[in-house]
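Chains as they are written, first to last, in my numbering: chain A, 1 to 250; chain B, 1001 to 1074.
Hints in this document: simulated from the structure, not taken from any laboratory.
Covered stretches of chain A (in silico footprint by chain B; criterion: 3 or more residues with CB under 8 Å from a CB of chain B, positions within the stretch not fixed):
| id | segment |
| --- | --- |
| 1 | 70 to 81 |
| 2 | 102 to 116 |
| 3 | 138 to 151 |
Selected chain B positions facing chain A (Cβ under 7 Å, derived; list incomplete):
| id | residue |
| --- | --- |
| 4 | Gly1015 |
| 5 | Phe1016 |
| 6 | Asp1046 |
| 7 | Ala1060 |
Quick reminder that beta carbons are idealized off the backbone N, C-alpha and C, glycines included.
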Amino acid sequence: MTQSFVLRAEQRGFNRIVSSGATASYVGGHPDAFVTRWSSFNFHDYQEGRPGFGRIRVFGDETFNSPGCSYSMHRHHNFIICAFVLAGKLMHLNTLGNVEELRPGDFYVFSAGSGGFHEELNMQSEPMQALYLWMLPDRLLLPPSYGSARFDPAAGNNRITTLIGSSDDAALSMPQDAKVSRLVSSTPGTYRYAMKSRAHGVYAFVIEGEMRCDAALLGRRDSKAVWDADEVVCQTGTGTTDVLFVETIM
Amino acid sequence: MIDDALKRWLCLGCGFSYDEALGLPEHGIAPGTRWSEIPEDWCCPDCGTPKLRFEMVEIAYAPGQPVIHSAVRQ
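Model the full structure from these sequences, guided by the hints.
Structural data, given as structure tokens:
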């Protein structure tokens, strides 16, 4: 039987992490910079929500405020870390040797595997907004990897575009039975998102606008997870709707 | 039935993995040390996340892993 939950924007965890005091080594850009993070799932100090969904462990809706605001260079293992830039410019640096400026529409997949450091940095006055997605990998201690690509909303308008996955049309892949897609819609439409199997679930996050997701009406930054189902039926309206879908083995 | 197989645990702060079979000899934890035997105030050696925010995982290793670092260097 189909199962689901709806997570409203304001029901997510919220943290404001300053670049001074105890968190100065975590968040760079002292004294004025700060990160705001809305967490869909339990992460760091936010532990009152859900632990994750399928192989998703982190889904952060984050803003880096003030020039120099960053997560300072730090190490990861195993997690597949993805970022989707929504506004501003993100400078990503990692110890695989990548230094890259990502703009709205750009996204990356950094699989930390057997170990890799990264820094996430906003060098501009304009706030940088990004979605951060962390997935468990299908193997521990894989060789670390990094790749980036661009989603062009004009080219992908009014259809669900695969960004990350194992199919040929995906710009990037990740070492997990998972797929990330994006829908930007500007006219009323019905989109049927078919799951790979009934053992897969999908987490739909509304970046902008609103849509009906099966019976639920979702507004900006609302989200819904559906599993034990064959498909999710999404209906958009006349305004612009921007949605990220993360499908994962459950 | 009691499942007494050695388990793996993943830090939810950074992804550091602890394998009961391997322990962490470089941090004074001998191979074979059960997760339950590690003090409750223990933290991730990489990022400082507390023990209670680790998750038990049943994920196999990538080919060639884990690499065991011998304490004795030639």
